[in-house]
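Enquirer: This is what each chain is made of:
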Amino acid sequence: MTPLFFHLLLSLSEGPRHGYALMQEIEERSGGGVVLGPSSLYYALGRLEDSGLIREVDGPAGDDPHEERRRYYALTARGRQRLADETRVLADIVAHARARGILG
Amino acid sequence: MRGGRTMVERLLRLVWRLYPGGYRARFGEELERHIEELRSQGNASPTRLLVDALFTLARAWIDELGRIPVVPSGFASGLGQTLRGLARAPVYSLTVIAILALAIGANTAVFSVTHAVLFRSLPYRNPDQVVAVWPPPLALKGDTWGVDGDFASQVESAALYVEGGSANLAKDGSAQHVSLAQVTPDFFRVLGVEPLLGRDLSAPSTDGREVVLTHGLWVRAFGGDPSVVGRDVHLNGHAYTVVGVMPADVEFPSGVDLWLPFPLTIEYYANAAAPSGIARLRPGAGIAALTKIMNDRLQREYAGAPADVEPPPARLTPLLDDLTAPVRTPLLLLLGIAGTVTLLGCLNLAGLVLARASVRADELGVRRALGASRPRLFGQLLGEVLILAAAAGLASLLAAIWTTRLLTSGLPGGLQGLDQVRLSMPVLAFAAVLTFVAGLLVGALPALWGAATAYAAVGGTRTSTQGPGHVRLQGVLIVAQVALAFVLVAGAGLFGRSLARLRAVPLGYDLDHVLTFGVKLPTETYPDSASRSAYLDQLTNGLGAIPGVSAVGATTVLPPYQGVTVGVAVRPTGTPESDRVFATWLRATRGYLTAMGTPVVEGRVFPQDATGASRFEHVVLNRGLARRILGDGPAAGRTVLVQDYNEKWHEARVDAVVGDVHLRGATRTAPSFVLTDLAASPTSFPGFAVRSSGDPARLAQNIREVVKSVDPSVAPYDMRTTGEAAAQEIAARRALALLSAFFGVAALVVCALGLHGLVAQGVSRRRRELGVRLALGARVPALVRRTALAPLRLVAVGLLLGIPTVWILSDVSRSLLYEVAPHDPLVMTGVGVALVLLAVGAAWIPARRITRVDPAEALRAE
Chain A
1 MTPLFFHLLL
11 SLSEGPRHGY
21 ALMQEIEERS
31 GGGVVLGPSS
41 LYYALGRLED
51 SGLIREVDGP
61 AGDDPHEERR
71 RYYALTARGR
81 QRLADETRVL
91 ADIVAHARAR
101 GILG
Chain B
1 MRGGRTMVER
11 LLRLVWRLYP
21 GGYRARFGEE
31 LERHIEELRS
41 QGNASPTRLL
51 VDALFTLARA
61 WIDELGRIPV
71 VPSGFASGLG
81 QTLRGLARAP
91 VYSLTVIAIL
101 ALAIGANTAV
111 FSVTHAVLFR
121 SLPYRNPDQV
131 VAVWPPPLAL
141 KGDTWGVDGD
151 FASQVESAAL
161 YVEGGSANLA
171 KDGSAQHVSL
181 AQVTPDFFRV
191 LGVEPLLGRD
201 LSAPSTDGRE
211 VVLTHGLWVR
221 AFGGDPSVVG
231 RDVHLNGHAY
241 TVVGVMPADV
251 EFPSGVDLWL
261 PFPLTIEYYA
271 NAAAPSGIAR
281 LRPGAGIAAL
291 TKIMNDRLQR
301 EYAGAPADVE
311 PPPARLTPLL
321 DDLTAPVRTP
331 LLLLLGIAGT
341 VTLLGCLNLA
351 GLVLARASVR
361 ADELGVRRAL
371 GASRPRLFGQ
381 LLGEVLILAA
391 AAGLASLLAA
401 IWTTRLLTSG
411 LPGGLQGLDQ
421 VRLSMPVLAF
431 AAVLTFVAGL
441 LVGALPALWG
451 AATAYAAVGG
461 TRTSTQGPGH
471 VRLQGVLIVA
481 QVALAFVLVA
491 GAGLFGRSLA
501 RLRAVPLGYD
511 LDHVLTFGVK
521 LPTETYPDSA
531 SRSAYLDQLT
541 NGLGAIPGVS
551 AVGATTVLPP
561 YQGVTVGVAV
571 RPTGTPESDR
581 VFATWLRATR
591 GYLTAMGTPV
601 VEGRVFPQDA
611 TGASRFEHVV
621 LNRGLARRIL
631 GDGPAAGRTV
641 LVQDYNEKWH
651 EARVDAVVGD
661 VHLRGATRTA
671 PSFVLTDLAA
681 SPTSFPGFAV
691 RSSGDPARLA
701 QNIREVVKSV
711 DPSVAPYDMR
721 TTGEAAAQEI
731 AARRALALLS
741 AFFGVAALVV
751 CALGLHGLVA
761 QGVSRRRREL
771 GVRLALGARV
781 PALVRRTALA
791 PLRLVAVGLL
801 LGIPTVWILS
811 DVSRSLLYEV
821 APHDPLVMTG
831 VGVALVLLAV
841 GAAWIPARRI
851 TRVDPAEALR
861 AE
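If you read the sequences in order, they're chains A and B.
Counting in this note's numbering, the first sequence runs from 1 upward without gaps.
Counting in this note's numbering, the second sequence runs from 1 upward without gaps.
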């Protein structure tokens, strides 16, 4: 799984989001390390949706009518499972790396 | 600013449109909203947006292509469509399948033989590490042989063996002839084989009277009885203890029946060759490294030698290469020939498939119009051929089984590994790969052309004549076929002519009505001339009494003979010693030349009783030698001086002059020989010739009984007719000539079919044009002639390419030819003329269809 997919799944684990919010959150979380252009963002969302890891959901009934027109995405059960699996793999790798003193 | 924004947006929309899977329709709105928001945040750098869009475009297509399954969706329906299409053209489909199946099958058969013989795995432990080696890296250590210290770093173990010995094995009151090899203690360790029963010869033996049996002899002579281990067997009257039996596949040196310790004390060793060496290299040791060490050592040993004496180079050969050296070139050549025929067949079929694609140009155009992409059309056209190729691949296994049988029966017997020829996994894999490659060779070009044409044609006018590209492509295919056919047929011609020359060589003896065999007389029972002479007389008389036998004789050397002979020097009386001429010394009884059918040119052969006489008192010379030293006049009755192997000169009377004899087979020149009476100095290893009025092979049983009745402990061996012996000697060349002729004919047929097809298509394509010409007054015979001769240009180009190819290949073919140059002008011209005639003939038949063209019809169409 590419880091971008992982970031997207991670962000969606806290609840449904729309594309723009996802972009902001990821850029923020990575401290600007991941810069997400719109074309690749929606391409990635499309791939995740096609593979059944996320699905489109109704947006929250908020006060901003503008927000309601947005497309909101949420993790599916498979997506949540996949996120847990990927995280475990990454944690294992990090633990190994740490054991070898890579991170000091 | 606003203009720039719309520019970027337009560009982005365009790029999104290029994404696979309806990306823009799916996310377009959301994307625009997103970008709007970015812009409101002052974050919408046009460059960044575009770079992002373009990168994602590439990424999306890579993903898309990566996602395409190997079997495309809709393959099943496509397959059905393809199969229905092929079923509608059964002649076309069957032709492609048949030609491909034959080509692949013949190739697979040759490969299966080559694989079994040249690339088989010897039944030894890590056979790659076992090498035949000269000089043997051994030294005598105490009373045994061990690896020479200089080589210990490279060589794990080494052994000497002497092959070619034989003896009479006593069995139930009769005898059977066995081949034996004497081996040093480490022999079986070098090979890395363990005995099936008992032990090998590595344990120190008290008297060297031990034998290890091959599995073959164990079964043949002892019925596979395990209790034979520990029992005694009698070889030439001596008792030997059987200490072990080797497993079935261990037979080295080839043809061996049993192994004895080396060296052997008793004498039945006379025509054994000098010892050969084998060694097992240490893991990681290289042949090159050891060769260098051995060459350095040889240089040191030759340091004191005169300057013009060069040390012989060390030779190290992997054991398998050493065993297969004589058949390597013919087999690889055959593989090359078969491969060339397959290539030829593929080119031919490519022409056929191209023709079909061109006929279907309209259909392809329609398919294109219905939305078939160019890669899809290419895939369909190629897939069609690959399906046919797959069917051919399956059918080829039948062809392979049949051809393999033909091949193995045509190859000389005694070729190790030949019994293991079968459709093994590597052979099947070879067939599968070949099937795929052949399918690509046949289908790729026409499919490319077809797909391209379908695209080019759409929107243009429908034409019934094809563009020049298609015709040119077919022309190129024909040129290649003619060139390959020329090479193949020229090769067949050369091998055939070589074989014919070889067969026409007068051997100097009859090939009909003569049966020959050998016996070995044990020195214990036949210690001296008198006893051996008595045996010769007794056996000669016994054989002569068999009904139908007209002459019997014995000799020291039966042709075709490959062993060592003794040389003598000879000169006319009264000439200086420097005039001497060297010749081979043969001995024979009076009746031998008559039995063999060697003509007596003048004089009489040994008219006096020679028993007890000095061996060189009376001699017979061959015609060539008599002319050389005595001139053209009569030679019988004159005296010559003969120098024996002890350098002593004897005065001898020339009793007779006889015809030249190709003693060492047809391929070697007939040697000069001095023949003396065998009765004066009988050998322990006489060969007998028996002449009969009928089929000599039917005498075999009678002869065995007579030999047994004279001495049951002596067994006849190598019993065969002279015709069989001569045929066996040239069997490999015969097989090569026959198989190359078979492939040559196949090449001619394929080539003729290709030309025929090309012209036939041309005629039907140009039907309207020809009709117009005829209407305008062109004469039919002239048109036919012009059409039939048109492909000659292609044939000429093909020949121009083929002739130099034969020259290039002459290095390979030269060693396999007998008295025929690799570029024999007769063969070259003959094959060239034959190809031209064939081409004209193949073109003439379809060209005659012009006579059936109706000018009126053409005019109506116009």
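In short, the hints are calculated from the structure, not lab data.
Being a predicted model, the structure only gives us computed values, none of them experimental.
Be careful, since some hints might not be right.
[Said to hold, decoys possible] Derived, one-sided and incomplete: chain B residues facing chain A with beta-carbon distance under 7 Å:
1. G28
2. E32
3. I35
4. D52
5. W61
Built from N, CA and C at the ideal position, the CB exists for glycine as well.
Enquirer: Please go over all the hints and tell whether each is borne out by the structure.
Expert: A quick look at each hint next to the structure:
1. G28: violated, 9 Å
2. E32: violated, 9 Å
3. I35: Since chain A brings a Cβ to about 6 Å from B/I35, closer than 7 Å, the hint holds.
4. D52: holds, 3 Å
5. W61: violated, 11 Å
In this structure, the earlier hints numbered 1, 2 and 5 are contradicted, and the remaining ones agree with it.
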